[in-house]
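Q: Each chain is listed here by its residues.
Protein chains: 2
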Amino acid sequence: MNNPLFERVALIGIGLIGSSLARVLRRDCPDTHIVACARRAETLEAVHRLGIADETTDDPAKAARGADLVVVATPLSAYEGIGNRIAPVLDEGAIVTDVGSVKGAAIEALLPTLPDRVHFVPGHPVAGTEHSGPESGFAELFRDRWCILTPLPDTDPDALARVRALWELAGMRVATMAPDHHDKVLAVTSHLPHLIAYTIVGTATELGEDLQSEVVAYSAGGFRDFTRIAASDPVMWRDIFLANREAVLELLQRFSEDLTALQRAIRRGEGDKLHDWFTRTRAIRRSVIEARQA
Amino acid sequence: MNNPLFERVALIGIGLIGSSLARVLRRDCPDTHIVACARRAETLEAVHRLGIADETTDDPAKAARGADLVVVATPLSAYEGIGNRIAPVLDEGAIVTDVGSVKGAAIEALLPTLPDRVHFVPGHPVAGTEHSGPESGFAELFRDRWCILTPLPDTDPDALARVRALWELAGMRVATMAPDHHDKVLAVTSHLPHLIAYTIVGTATELGEDLQSEVVAYSAGGFRDFTRIAASDPVMWRDIFLANREAVLELLQRFSEDLTALQRAIRRGEGDKLHDWFTRTRAIRRSVIEARQA
Chain L
1 MNNPLFERVA
11 LIGIGLIGSS
21 LARVLRRDCP
31 DTHIVACARR
41 AETLEAVHRL
51 GIADETTDDP
61 AKAARGADLV
71 VVATPLSAYE
81 GIGNRIAPVL
91 DEGAIVTDVG
101 SVKGAAIEAL
111 LPTLPDRVHF
121 VPGHPVAGTE
131 HSGPESGFAE
141 LFRDRWCILT
151 PLPDTDPDAL
161 ARVRALWELA
171 GMRVATMAPD
181 HHDKVLAVTS
191 HLPHLIAYTI
201 VGTATELGED
211 LQSEVVAYSA
221 GGFRDFTRIA
231 ASDPVMWRDI
241 FLANREAVLE
251 LLQRFSEDLT
261 ALQRAIRRGE
271 GDKLHDWFTR
281 TRAIRRSVIE
291 ARQA
Chain A
1 MNNPLFERVA
11 LIGIGLIGSS
21 LARVLRRDCP
31 DTHIVACARR
41 AETLEAVHRL
51 GIADETTDDP
61 AKAARGADLV
71 VVATPLSAYE
81 GIGNRIAPVL
91 DEGAIVTDVG
101 SVKGAAIEAL
111 LPTLPDRVHF
121 VPGHPVAGTE
131 HSGPESGFAE
141 LFRDRWCILT
151 PLPDTDPDAL
161 ARVRALWELA
171 GMRVATMAPD
181 HHDKVLAVTS
191 HLPHLIAYTI
201 VGTATELGED
211 LQSEVVAYSA
221 GGFRDFTRIA
231 ASDPVMWRDI
241 FLANREAVLE
251 LLQRFSEDLT
261 ALQRAIRRGE
271 GDKLHDWFTR
281 TRAIRRSVIE
291 ARQA
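If you read the protein sequences in the order shown, they are chains L and A.
Residues in the first sequence are numbered from 1 upward in steps of one, following the numbering used here.
Residues in the second sequence are numbered from 1 upward in steps of one, following the numbering used here.
In short, the hints are calculated from the structure, not lab data.
Watch out, some of these pointers could steer you wrong.
The list makes no distinction among identical chains, and a pair is therefore deemed to hold if it is satisfied within one copy or across any two copies.
20 Å max Cα-Cα, derived SDA-like pairs, lysine to any residue [stated by the list, open to error]:
1. K62 x T113
2. K273 x A78
3. K273 x L242
4. K62 x R40
In isolation and in its complexed conformation, chain L is listed as follows (with noise of 0.2 Å):
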């Protein structure tokens, strides 16, 4: 490319996300300047240390003037006070684009603090690890994982088009929904299980000290996958479940009664029972393998 895809890139909230997208920039458009704005000074400190960024900011105004493109990065709760800070900066025609895990709340906080003359993408990159922060990011965390694009009616097909093009540019896959639809989606496939393995790593935790090391010894039968995922960042989460009450609840409720229906047959011994539902579980394995999401 003669052009870089963007000018001038403010990242606006730097952890395991935002610092791996600045990565995959100074990897393949070197010529854009990367701003990364934080609110902490250690972590500013960590991104200079990396390398990652040509500019460092607390402040989301400083960070996203000139810009052509700024990514939201931060827990959904800051969403709305970054929107209002940014919004009076803003360059006519600048793309606005986030990576939350709520597309409806995400659009609800940002949305009514823009001004008309930018572009509104919002999106979610589905990758991530257990880790937070600077440090913890890479280039290749996108790689074969999907991006969604949860555009609004009246989005614009280029400013579409060029977000698009970052992502595919991080070796991700980029599918569009309704941001709705998208919400339902991630409340199976991460909201739930998020929620299931804070729980169940808690039960652990409130078992009394001499059965809490054995079960860590020994956790490599199962558990210690459970202690990966509730290990993910705690203000992300909080905020995810609050953003995302509904579809989590109402999953819940489904799943609450699966787990009852399981619970009775094994009270009542109904091996056939258990057998019949573990069966139908494995053929989801093989789908996820097909999918190459393995």
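Add chain A to chain L, keeping to what the hints say.
A: Quick look at chain A alone, frame taken from chain L:
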């Protein structure tokens, strides 16, 4: 070693665990004669093809005759029948061990069938993958994992030491504990996590076909880890839940209470409660990593 640890080892059941142990013996004890026993002809053919046994049979008695070590490595529901088949042919001083995930039930099924002239050392190598069958085994499966032996009050110390040496040869760290204590610890670290994973994957399969294919596509957000666990062998897991019914049901009760508390916090928008909970669970992950079980 000049003398092999065991002269003739009968592996009754040659799935993931049995075939991995066969590979360890092949590697480290080339003079040991290995007999593999399985019910299904396809399984025995696979063992032949893999060259991991010197002899195959579908008759447990034929396998156990003349063996100085018999390893029972089938689902728990087959134990009693196997015990009855092998008891009459076992040599004086032969050692019988097993790899079952519920020690109370394993002892209850095998002990009454075994004659006084043999030594019974109940055991559980805490290692596994979601795959089953002899093709899925590999010698390194056990490396750095724990093996829990649950000797009885009158278990021969020498027999215990030899079974311990076998698992140490496989690279395992070996611990001993009382059978009922083992069953409580494993209910937390393995049985409840599997039950929860089976439940959540099952819940997802009930969502209708359209949503289901999207759930598979976007499974990288956490769901895919559950699909892996929920792909474990259905017969083995049916048996585990029925055999460890009491400990699993008791724990499930605690889990349900905790889940209800989190559900309530989400419904009422109590972000602080969620944040506190999610911060506590993060600490456990650090312990798992420090214990080198991650």
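Q: Taking the hints in turn, state whether each one holds.
A: Evaluation of the provided hints:
In the homo-oligomer, the alpha carbons of K62 and T113 lie at most 20 Å apart inside one protomer (17 Å), although the nearest pairing across protomers, at 78 Å, exceeds that limit. Within a single copy, K273 and A78 get their C-alpha atoms only as close as 46 Å, which misses the 20 Å cut-off; across copies the closest is 19 Å, which meets it. For the identical chains of this complex, K273 and L242 are inter-copy neighbours only, at 12 Å across copies versus 35 Å inside a copy, given an alpha-carbon limit of 20 Å. When the C-alpha separation of K62 and R40 is checked against a cutoff of 20 Å, the pair qualifies only within one copy, where the shortest distance is 15 Å, while the shortest distance between copies is 70 Å.
Of the numbered hints given earlier, the model fails none.
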